[in-house]
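Undergrad: Use the sequences and the hints to build the structure in full.
Sequence order for the protein chains is A and B.
Just add 272 to wherever you are in the first sequence, counting from 1, and you've got my numbering.
Just add 1 to wherever you are in the second sequence, counting from 1, and you've got my numbering.
The calculated lysine to aspartate or glutamate pairs, modelled on DMTMM-like cross-linking and capped at a C-alpha distance of 25 Å, are:
#1 Lys132(B) <-> Asp54(B)
#2 Lys312(A) <-> Glu76(B)
#3 Lys339(A) <-> Asp41(B)
#4 Lys63(B) <-> Glu100(B)
#5 Lys189(B) <-> Asp605(A)
#6 Lys368(A) <-> Glu64(B)
#7 Lys132(B) <-> Asp605(A)
#8 Lys63(B) <-> Glu598(A)
#9 Lys367(A) <-> Glu76(B)
#10 Lys339(A) <-> Asp60(B)
#11 Lys63(B) <-> Asp393(A)
#12 Lys414(A) <-> Asp327(A)
#13 Lys228(B) <-> Asp48(B)
#14 Lys368(A) <-> Asp74(B)
#15 Lys319(A) <-> Asp393(A)
#16 Lys319(A) <-> Glu413(A)
#17 Lys228(B) <-> Glu255(B)
#18 Lys319(A) <-> Asp73(B)
#19 Lys383(A) <-> Glu413(A)
#20 Lys312(A) <-> Asp73(B)
#21 Lys367(A) <-> Asp73(B)
#22 Lys383(A) <-> Asp60(B)
#23 Lys368(A) <-> Asp104(B)
#24 Lys154(B) <-> Asp605(A)
#25 Lys305(B) <-> Glu293(B)
#26 Lys367(A) <-> Glu64(B)
#27 Lys368(A) <-> Asp73(B)
#28 Lys113(B) <-> Glu598(A)
#29 Lys344(A) <-> Asp73(B)
#30 Lys367(A) <-> Asp74(B)
Derived contacts from chain B toward chain A, CB cut-off under 8 Å, selection only:
#31 Leu17
#32 Phe18
#33 Thr124
Bear in mind the hints are in silico, worked out from the structure with no lab data behind them.
Glycine residues also receive a C-beta, built at the ideal position from the N, C-alpha and C atoms.
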Amino acid sequence: MDERLKDKDSRFKRLEIKIGVLVFIAILGIAAIVALVGIKSDIFTKKFVVSFATDSGAGFIEGMPVKLSGFKIGRVKTIELSDTARVKVTLEINKKYQRWLRRGTVAKVGKEGFIGESAVDVSSGGASGELLKDNDVIIFEKARGIEDLVEQVKPVLQEVRDIIHYVNDPAGDIKQTLANVKAMSAEFRVTKAKVDGVIDETGAAIKKVNAIIETAGSQSKTALESTAKIMKNLEATTMKIEPVMDKVGKIAADAETAVKRLPVAMEKIEKTVDNVKGITEALSGETPKMKDLLGDVRDAAKDGKALVKGLRESWPGSSIAPKLKEPSLVPLDGFLPAPAMEPGKKEK
Amino acid sequence: MLFYRRFTVYAAGFVLFAVAVYGCGGNAVKKSATQTKATDAATIGADAVASGDTSRAIDKFKEAVRLDRTIDDRESELRDLISLSRAYLLEPNPDMATEYVNDAVRIALTLKNDERLSDAYATLSSACYAKGDYDAALLAINSASAIDDRLQKRSGAKLNIKGNVLIAMGRRAEAEQVCLSALSQAGKDGTLAETANAHRTLGFLSAGKSEYATAFDFYSKAYEIDKGFGYSAKVAVDLAGMGEAQFSLGKTAEAAGFFERAYTVNLNAGRAGAAIENLDRLISIYKNAGDEPNVARFTALKQKLAGKEHGNGTNVK
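TA: As structure tokens, this is what we get:
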């Protein structure tokens with residue numbers, strides 16, 4: 273028999289004890305890992321639940337973080353449809369943060385930055401309020417995202433478009449009014465020409481009458497003078513009407529030009545509105561892509577930061593990287609101004 | 002074969018042990034991230050105080066306190082509460098300073114951190130002094146001094162505070178002794194700002210004893226240090242003290258010169274009340290000297306300044 277396999281071989285001495293110790297260490301290690309993973313995942317932490325109801329479960333995910341002042345204090349435990357077809361969201365919050373949550377606590381879906389990772393943000397409620405208890409119901413406030421804003425802008429753009437159509441409509445009030453003004457000014461011109469003709473004819477008739485009267489004698493002189501005065505007045509009135517008529521004509525011409533230009537302007541505005549609408553629709557469509565892109569960038573930045581941090585905190589980085597500056601206490605100032613230090617005050 | 006089996010078991014044990022250690026480390030790293038944020042906020046706050054941006058400092062210290070509380074870092078919370086209180090004193094808002102420093106006192110007592118307790122008491126004393134509660138101020142600064150004596154860590158700043166509190170209570174003889182100790186301590190510590198503070202207080206006390214030449218000397222020394230630091234409020238007090246001493250020594254023209262400089266410093270720093278006091282002193286000096294044109298000139302300036310002060314607050318820059 274091989275000498276080494278004999279019981280007296282020194283290597284077999286206390287072999288059972290050695291193996292036992294090793295197995296014990298291994299079991300201890302596994303237990304420690306399980307415990308630490310549990311602690312890290314807050315499995316052993318005492319928790320309490322609060323819930324709120326919302327119209328839609330969109331944007332909520334089970335396990336989504338619940339944050340207070342930017343710090344994770346719990347997670348979304350369950351999302352379920354209630355009997356009233358509303359969505360009941362239950363939050364599981366670490367017991368140690370209960371002291372911050374009081375009556376009046378409001379939950380809302382927040383994002384890191386404009387577009388970022390979603391989390392349920394809770395406020396701490398009123399300072400004098402009672403602390404929240406297990407199974408309490410809190411208020412939920414719907415947060416407004418970019419999609420909501422786009423949706424809100426859409427009807428406004430539609431209204432602008434409707435107004436432009438209304439202005440541009442040939443059968444609409446505005447175009448009809450402008451056409452009426454044009455027709456009226458043309459009629460004024462015809463009327464003026466007629467009035468001029470009547471005046472000329474009256475003048476000729478009066479001259480004839482004058483000649484007859486001159487022959488008839490001086491008795492009719494007074495009547496003639498009156499007739500001449502009427503004629504003068506008529507002439508003066510005509511003179512006054514003339515500039516007014518010119519102005520009316522000019523206005524009508526301007527209105528005509530404006531009416532001609534209006535469709536071009538309308539077309540431009542319509543094009544702009546279409547562009548804006550297109551942009552908002554595109555933006556609305558691209559939002560998820562932008563979100564993904566920004567998420568990737570943020571993840572990359574986070575990874576980089578974590579890498580630098582890891583290097584800083586692990587050997588040999590920790591020995592190379594400069595230590596963070598330890599904040600100092602704001603220095604105490606022995607200078608106390610008035611009333612003691614007012615110069616000129618003397619001891620009584 | 003046996004060797005390999007033993008090696009395998011040892012290796013497995015070692016790996017498990019390493020994983021357990023790493024798990025512990027993970028938690029520590031998580032805590033460290035918040036700690037870093039709190040440290041950053043406190044550092045920025047301290048820098049903001051140094052640059053005179055008190056409101057930013059207050060915001061940052063509040064943030065630091067909140068983060069300290071999140072990770073139950075009581076020592077840092079204590080430090081940041083004291084800093085926050087001191088920032089409020091600079092604003093000046095003695096009520097808020099008292100509120101926060103009272104929290105600091107409670108934490109320092111719980112943690113049995115005597116050094117910080119002394120700092121908190123000294124800050125509380127300054128806050129009480131600013132509110133005119135001199136008895137409480139004296140009690141607080143005496144508590145701080147008692148701790149410092151026990152720890153053998155005396156501070157010129159705390160002695161200066163005590164000196165000022167004693168002056169406010171009319172106990173000038175005691176104040177002088179304390180201020181001389183403050184001067185000596187500040188010299189030992191090499192804290193120039195506190196040396197200047199001690200000089201200024203001693204100048205004030207000397208003037209009170211009609212020792213004007215000594216008073217002028219003390220104020221001049223304080224001024225030389227303060228102007229180096231650029232503390233405008235202290236510089237203005239130093240100049241006015243020098244002016245007062247010169248006037249008492251019969252040097253009217255020199256006295257007027259110092260008061261005019263004090264007025265300019267106060268005016269440029271936006272301290273209308275102090276600037277008006279300087280003008281009042283100038284007017285009375287020129288009245289005594291029978292210099293009517295200068296009386297008229299400074300009276301007009303005073304009226305203009307008083308009008309602005311009543312019109313749009315104290316900022317008369």
